[in-house]
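Participant: Going line by line, the protein sequences match chains A and B.
So the first sequence is numbered by numbering that gives the first Met the number 0: it starts at 0 and just counts up by one.
So the second sequence is numbered by numbering that gives the first Met the number 0: it starts at 0 and just counts up by one.
These aren't lab readings, by the way, just hints derived from the structure by calculation.
C-beta: ideal position from N, C-alpha, C; glycine also.
Some clues are possibly wrong.
With a cut-off of at most 25 Å between alpha-carbon atoms, the simulated DSS-like pairs for lysine-lysine come out as follows [as the list claims (entries may be wrong)]: (1) A:Lys222 / B:Lys175; (2) B:Lys222 / A:Lys222; (3) B:Lys175 / A:Lys63.
Simulated DEER-style distance windows between Cβ atoms [as the list claims (entries may be wrong)]: (4) B:Lys48 / A:Glu203: 52 to 58 Å; (5) A:Arg265 / B:Lys98: 56 to 62 Å; (6) B:Gly100 / A:Arg188: 40 to 46 Å; (7) B:Gln156 / A:Gly33: 36 to 42 Å; (8) A:Gly33 / B:Arg265: 41 to 47 Å; (9) B:Pro47 / A:Arg188: 43 to 49 Å; (10) A:Ala177 / B:Pro47: 31 to 37 Å; (11) B:Asp116 / A:Lys222: 48 to 54 Å; (12) B:Asp116 / A:Asp223: 49 to 55 Å.
There are 2 protein chains.
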Amino acid sequence: MNAGVARQGNRIFATGREARLAVRNGIHRGQTAGIAPGFVQANLAILPKALADDFFRFCQFNPKPCPLLAASEPGDPRLPTLGEDIDIRTDIPLYRVWKNGEPVAEVPDLKDVWRDDLVAFLIGCSFSFEEALVEDGIPLRHIDDGTNVPMYRTSIQTQPAGPFRGPLVVSMRPLKPADAIRAVQITSRFPSVHGAPVHIGKPEMIGIANIMKPDYGDPVVVKDDELPVFWACGVTPQSVIAAVKPEFSITHAPGHMLVTDLRNSRLAVL
Amino acid sequence: MNAGVARQGNRIFATGREARLAVRNGIHRGQTAGIAPGFVQANLAILPKALADDFFRFCQFNPKPCPLLAASEPGDPRLPTLGEDIDIRTDIPLYRVWKNGEPVAEVPDLKDVWRDDLVAFLIGCSFSFEEALVEDGIPLRHIDDGTNVPMYRTSIQTQPAGPFRGPLVVSMRPLKPADAIRAVQITSRFPSVHGAPVHIGKPEMIGIANIMKPDYGDPVVVKDDELPVFWACGVTPQSVIAAVKPEFSITHAPGHMLVTDLRNSRLAVL
Numbered sequence: 000m001n002a003g004v005a006r007q008g009n010r011i012f013a014t015g016r017e018a019r020l021a022v023r024n025g026i027h028r029g030q031t032a033g034i035a036p037g038f039v040q041a042n043l044a045i046l047p048k049a050l051a052d053d054f055f056r057f058c059q060f061n062p063k064p065c066p067l068l069a070a071s072e073p074g075d076p077r078l079p080t081l082g083e084d085i086d087i088r089t090d091i092p093l094y095r096v097w098k099n100g101e102p103v104a105e106v107p108d109l110k111d112v113w114r115d116d117l118v119a120f121l122i123g124c125s126f127s128f129e130e131a132l133v134e135d136g137i138p139l140r141h142i143d144d145g146t147n148v149p150m151y152r153t154s155i156q157t158q159p160a161g162p163f164r165g166p167l168v169v170s171m172r173p174l175k176p177a178d179a180i181r182a183v184q185i186t187s188r189f190p191s192v193h194g195a196p197v198h199i200g201k202p203e204m205i206g207i208a209n210i211m212k213p214d215y216g217d218p219v220v221v222k223d224d225e226l227p228v229f230w231a232c233g234v235t236p237q238s239v240i241a242a243v244k245p246e247f248s249i250t251h252a253p254g255h256m257l258v259t260d261l262r263n264s265r266l267a268v269l
Numbered sequence: 000m001n002a003g004v005a006r007q008g009n010r011i012f013a014t015g016r017e018a019r020l021a022v023r024n025g026i027h028r029g030q031t032a033g034i035a036p037g038f039v040q041a042n043l044a045i046l047p048k049a050l051a052d053d054f055f056r057f058c059q060f061n062p063k064p065c066p067l068l069a070a071s072e073p074g075d076p077r078l079p080t081l082g083e084d085i086d087i088r089t090d091i092p093l094y095r096v097w098k099n100g101e102p103v104a105e106v107p108d109l110k111d112v113w114r115d116d117l118v119a120f121l122i123g124c125s126f127s128f129e130e131a132l133v134e135d136g137i138p139l140r141h142i143d144d145g146t147n148v149p150m151y152r153t154s155i156q157t158q159p160a161g162p163f164r165g166p167l168v169v170s171m172r173p174l175k176p177a178d179a180i181r182a183v184q185i186t187s188r189f190p191s192v193h194g195a196p197v198h199i200g201k202p203e204m205i206g207i208a209n210i211m212k213p214d215y216g217d218p219v220v221v222k223d224d225e226l227p228v229f230w231a232c233g234v235t236p237q238s239v240i241a242a243v244k245p246e247f248s249i250t251h252a253p254g255h256m257l258v259t260d261l262r263n264s265r266l267a268v269l
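One chain only, chain A, in its complex shape (with noise of 0.2 Å):
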């Protein structure tokens, strides 16, 4: 889930890796949001190998809500692409088990429930052009309200690829116009990320009848001068996945992702 707010209290690392180290080694037990600013946060699925191929492709033909950016070799804990030392089974603070699309557990790591079967899947999340935004004078409600970013199911529905589909999960971000044409230039540098907004005012045409009843997250306010900016949001991963009731599968909990070595900034195609 890329909705995670910054808590009070968490401590900033000067690197992913140190706070990468801080999570495997018990040191930082909570969410992610803004522990290691400037570096790039990924929003995690694991699958079996069985269903692994499909989710591939369904990434590849839906790269707005599943921008891709590092697949595991099967049982592969490693993803030497996103840091060195990476290893999925202990890097995460908190993870979610799931069994026949149901949660069944939360878990601080993943080493009496690793098979050699699973493949992981990382992928990119809003944490990165939201701190671009952020860094140009945007304000962000729901950072500023400490609240999770407004989510709706929509009528645009995603690409299928095998047994995955099902409906884009999209956030929203209220902006003054001229914050949005400047946030639209923006996201489109970061297509690993999103890129741009997928809709902007208007939510109706996207099949959302009530916008301060989001489907996940906190509802914000819409003011007077404003317009609702939706974006492709990494959760539609994660809803077409429960749809599917994988036999097992494991996600990060909401909030709590993997810091990966990258910069925000080189993700960057512009």
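Chain A is fixed; fit chain B onto it per the hints.
Facilitator: Frame of chain A; chain B shown alone:
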């Protein structure tokens, strides 16, 4: 004015230079929209040297409505950076001559009115970005309707320079939300022809009381599934000059632009 529309029956020329020579030789006498696809067209403002320095600063202070492509030396009709053989006295199909802020004549050339103290300003025009939008498959209603783009005086003030001051004039194109996002991306690449929109949705926020009553050009319908998207407009400098009431000035007649040797695609900064 950057709001001409392609006239039926206009001859199409292969290059800007061919179009310009046809104008110079009296072969082409009408509006210029679409007569040399791919080549940059420019708005014209000619002022006496006594006002030129302030106007030059005005353009620099207000690059979105007044993106200056070139300015001549006083009394020199050439514009070598826009085309090797340009003579600004003969290369526009129809000129409008102004005295004390009032139009007093429309003439096919400036041979009788040219003065040694005149400075020609050539300002980027929305034709260039409209061509990029249409090539991307984004429909533009005023083009489909065969009308002039609607333009509005706004409550946004330009940055004054000397006597030059006044409201920003914007052009409006109704777009579906996804096309509006794409249009921000495309036009951001073209800062020398007005660049990204200045506003989107919510016309009342920029002082537009009735979207169906433009101050210049023709109204177009904004459908329920569309947002009005507003760009800074090259009518702004004309409006600002008219308010100063210079003892003598010259502009192109609406829709009758200078066709240059520059290619629209070469204006893209990315």
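Participant: Indicate whether the distance between the beta carbons of Gly100 (chain B) and Arg188 (chain A) respects the range 40 to 46 Å.
Facilitator: 45 Å, holds
Participant: Confirm or reject the claim that Pro47 (chain B) and Arg188 (chain A) have a C-beta distance inside 43 to 49 Å.
Facilitator: At roughly 44 Å between Cβ atoms, Arg188 (chain A) and Pro47 (chain B) fall inside 43 to 49 Å, so the hint holds.
Participant: Within 36 to 42 Å or not, the Cβ separation of Gln156 (chain B) and Gly33 (chain A)?
Facilitator: 39 Å, holds
Participant: Please verify whether Lys222 (chain A) and Lys175 (chain B) have alpha carbons no more than 25 Å apart.
Facilitator: 22 Å, holds
Participant: Check the hint pairing Lys175 (chain B) with Lys63 (chain A) against an upper bound of 25 Å on the C-alpha distance.
Facilitator: 19 Å, holds
Participant: Is 49 to 55 Å respected by the C-beta to C-beta distance linking Asp116 (chain B) and Asp223 (chain A)?
Facilitator: With Cβ atoms ~51 Å apart, the hint holds.
Participant: Using the C-beta atoms of Lys48 (chain B) and Glu203 (chain A), is the stated range 52 to 58 Å upheld?
Facilitator: 57 Å, holds
Participant: Regarding Gly33 (chain A) and Arg265 (chain B), is the given constraint of 41 to 47 Å on their beta-carbon distance met?
Facilitator: This hint holds: roughly 43 Å between Cβ atoms.
Participant: Could you tell me whether the CB distance from Ala177 (chain A) to Pro47 (chain B) stays inside 31 to 37 Å?
Facilitator: Taking Cβ atoms as reference, Ala177 (chain A) and Pro47 (chain B) lie about 36 Å apart, which means the hint holds.
Participant: Between Asp116 (chain B) and Lys222 (chain A), does the beta-carbon spacing fit 48 to 54 Å?
Facilitator: 52 Å, holds
Participant: Take a look at whether the Cβ-Cβ distance between Arg265 (chain A) and Lys98 (chain B) falls inside 56 to 62 Å.
Facilitator: 59 Å, holds
Participant: Checking one constraint from the list: CA of Lys222 (chain B) to CA of Lys222 (chain A), max 25 Å. Satisfied?
Facilitator: Between Lys222 (chain B) and Lys222 (chain A) the Cα gap is close to 23 Å, so the pair holds against 25 Å.
Comparing the model with each earlier hint shows no violations; every hint is respected.
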